[in-house]
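Number of protein chains: 2
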Amino acid sequence: MESKGFSEKHRVTYYETDMNGTVGLGRLVDLMMLSCNDQSDAVGLSSEKVNQMGLGWIVTQNMIDIKRLPRRNETIYITTHAKSYNRYFCYRDFWIHDIRKQELAHMHTVFALMDQNERKIVRIPENLIEPYHSEYATKIERLPLPKELERIDRQKEYEVRFWDIDINQHVNNVHYFEWMLDALDLDFLIKYQPVSMNIEYKKEIRYGQKAVSQAQITMTGVETVKTFHEIKVNDELSCRAVCDWKLRKEEWII
Amino acid sequence: MESKGFSEKHRVTYYETDMNGTVGLGRLVDLMMLSCNDQSDAVGLSSEKVNQMGLGWIVTQNMIDIKRLPRRNETIYITTHAKSYNRYFCYRDFWIHDIRKQELAHMHTVFALMDQNERKIVRIPENLIEPYHSEYATKIERLPLPKELERIDRQKEYEVRFWDIDINQHVNNVHYFEWMLDALDLDFLIKYQPVSMNIEYKKEIRYGQKAVSQAQITMTGVETVKTFHEIKVNDELSCRAVCDWKLRKEEWII
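Same order as they appear, the protein sequences are chains A and B. According to our numbering, the first sequence is numbered sequentially starting from 62. According to our numbering, the second sequence is numbered sequentially starting from 62.
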């Protein structure tokens, strides 16, 4: 059977947007993941069901390209496609389009399956992948990985909150965005808008732990900046990312 | 003209729910406020427009009753009604119903208008209230107020994050819920579910400030608890609340 995509319509609510009137990066990923969740529900493999098997899907890498961030009250189309898989990894693509079919954002994501007790990645059983009609590929994708920080320009500490925890009983990846980007501070986040981001997740964070979010800010042009991010718990790396930004201009926003 | 309500349909997404599979209290208020925002847009008085006049609506008190929290993927109806107003305050009611028209939650809210430069409450101009067809009432409502803490059982510190700030350039009230309830910790929030909450907002919190969230936990029965909350910045009270909880039981959840 041919590989199939899944698409849905969504209206961006006011509380899904920030001071800039647009969706933040973490929320953008939430929106994309919504289509993935809804597809899983539709094929009868909801997170709850996978959870009852003692398993849970986790994301190991996200690569996001942003043409324009969805705006407050905007109606968007979210699409997902479980592209291919091998024994341990699933590769899934996501897109957000506006009502004129213009692409706003694209994300390529690597998923793995975690054993809830062992907290380790396990081989993907056929019955958990078959309903998505992905293509089997023997090769493991070689994606570019974000580089280590050369220096720490900004640093903030984050204590895990109740609302950071997801069905896998650890901090949901999406909250890492808040920690990574909030460390850049308000002035930066108003001045610049994100263009692309590459995030590699290394180790889960549990309730009760304290995370430190470190960032390096490097000008790459007159109006462009690259930021490098690391989240650590007790000096152990949980997440590493690189993000490209451009100056926020009215003509780009409207 | 007769006073009018405003109603809309909403599907609860997975990211609007927590580990319990239901909407948290902060998000519940977000959902209710959505109807208020949409009504304001519909009558041509969006937050952006009010903002351009140098003004902003702020909430001074919320009183919430919860029969059942909306669940992941559930379709709900959100209704709002601008009940009455006087020179300085607007009284607005909110309801959430399920698809069988059963009431899930009800909130009574007091709104005031803030001058964005002076950061002070101002008299409500007729043109900002007339389109809602509220009833003019000379009296100021005397609502019960949450009591001062007698002791501090739990305490946590919260630094304002970029995503806490709203169009009024201060921490949105909704984030106070996260601070107040997260201080109770994971075990408590899994064990108990909220029944009602009364929140009084005293002073705004700005970016760069650090808030301390203090809570008192008092058993009121074998399966019921009352929690008292205060949020302070430099020892100055920003918010005070009282919340009633009952033991989370399967028969209440389903």
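The hints are simulated quantities; they were obtained by calculation from the structure and are not laboratory data. Do not rely on the hints blindly, as some may be mistaken.
Okay, derived cross-link-like pairs now, DSS-like style, lysine-lysine, Cα gap no bigger than 25 Å in a straight line [to be verified]:
1. Lys208/B with Lys162/B
2. Lys252/A with Lys110/B
3. Lys271/B with Lys293/A
4. Lys208/B with Lys263/B
5. Lys310/B with Lys208/B
6. Lys293/A with Lys181/B
7. Lys310/B with Lys287/B
8. Lys271/A with Lys252/A
9. Lys271/B with Lys252/A
10. Lys310/A with Lys252/B
11. Lys110/A with Lys217/A
12. Lys263/A with Lys208/A
13. Lys181/B with Lys217/A
14. Lys217/B with Lys252/B
15. Lys263/B with Lys271/A
16. Lys110/A with Lys200/A
17. Lys144/A with Lys200/A
18. Lys200/B with Lys264/B
19. Lys65/B with Lys110/A
20. Lys264/B with Lys128/B
21. Lys70/A with Lys208/B
22. Lys128/A with Lys110/A
23. Lys200/B with Lys263/B
24. Lys208/B with Lys110/A
25. Lys181/A with Lys162/A
26. Lys271/A with Lys200/B
27. Lys217/B with Lys293/B
28. Lys208/B with Lys65/B
29. Lys307/A with Lys217/A
30. Lys110/B with Lys271/A
31. Lys287/B with Lys181/B
32. Lys217/A with Lys217/B
33. Lys208/A with Lys307/A
34. Lys70/B with Lys271/A
35. Lys217/A with Lys271/B
36. Lys162/A with Lys310/A
Now the in silico label distances, taken between C-beta atoms and shown as ranges [unchecked claim]:
37. Glu284/A with Val183/B: 37 to 47 Å
38. Glu211/A with Lys252/B: 40 to 50 Å
39. Val183/B with Gln177/A: 37 to 47 Å
40. Pro186/A with Lys70/B: 29 to 39 Å
For glycine and all other residues, C-beta sits at the position ideal for the given N, C-alpha and C.
Inset, instruction - Would you check the hint for Lys271/A and Lys200/B, treating anything up to 25 Å between C-alpha atoms as holding? - result: With Cα atoms ~49 Å apart, Lys271/A and Lys200/B exceed 25 Å; violated.
Inset, instruction - Compare the distance between the alpha carbons of Lys310/A and Lys252/B with 25 Å, and conclude whether the hinted pair is satisfied. - result: Distance of about 48 Å is beyond 25 Å: violated.
Inset, instruction - Take a quick look at whether Lys271/B and Lys252/A sit within 25 Å of each other, Cα to Cα. - result: Measuring from Cα to Cα gives roughly 23 Å; hence the hint holds.
Inset, instruction - Would you check the hint for Lys310/B and Lys287/B, treating anything up to 25 Å between C-alpha atoms as holding? - result: Given that 25 Å is the threshold and the Cα spacing comes to 17 Å, the pair holds.
Legend entry - Restraint status (C-alpha distance of Lys271/A to Lys252/A at most 25 Å): Between Lys271/A and Lys252/A the Cα gap is close to 29 Å, so the pair fails against 25 Å, i.e. violated.
Legend entry - 25 Å limit on alpha-carbon distance, applied to hinted pair Lys128/A and Lys110/A: violated (35 Å)
Inset, instruction - Look at the Cβ atoms of Glu211/A and Lys252/B and judge whether their distance stays inside 40 to 50 Å. - result: Between Glu211/A and Lys252/B, where Cβ atoms are some 46 Å apart, the hint holds.
Inset, instruction - For the pair supplied as a hint, Lys181/A and Lys162/A, confirm whether the alpha-carbon distance does not exceed 25 Å. - result: violated (40 Å)
Inset, instruction - Verify the proposed pairing of Lys70/A with Lys208/B, using a straight-line Cα cut of 25 Å. - result: Not satisfied, since the Cα-Cα distance of roughly 45 Å exceeds 25 Å.
Inset, instruction - Quickly compare the C-alpha distance for Lys70/B and Lys271/A to 25 Å and report which way the hint goes. - result: Given pair Lys70/B, Lys271/A is violated - Cα atoms ~39 Å apart, limit 25 Å.
Inset, instruction - Measure nothing beyond the straight line between the CA atoms of Lys110/A and Lys217/A; if it is 25 Å or shorter, mark the hint as holding. - result: Between Lys110/A and Lys217/A the Cα gap is close to 37 Å, so the pair fails against 25 Å, i.e. violated.
Inset, instruction - Quickly compare the C-alpha distance for Lys208/B and Lys110/A to 25 Å and report which way the hint goes. - result: violated (44 Å)
Taken one by one, the earlier hints fail for this structure at numbers 1, 5, 6, 8, 10, 11, 13, 15, 16, 19, 20, 21, 22, 24, 25, 26, 28, 30, 31, 34, 39, listed in ascending order.
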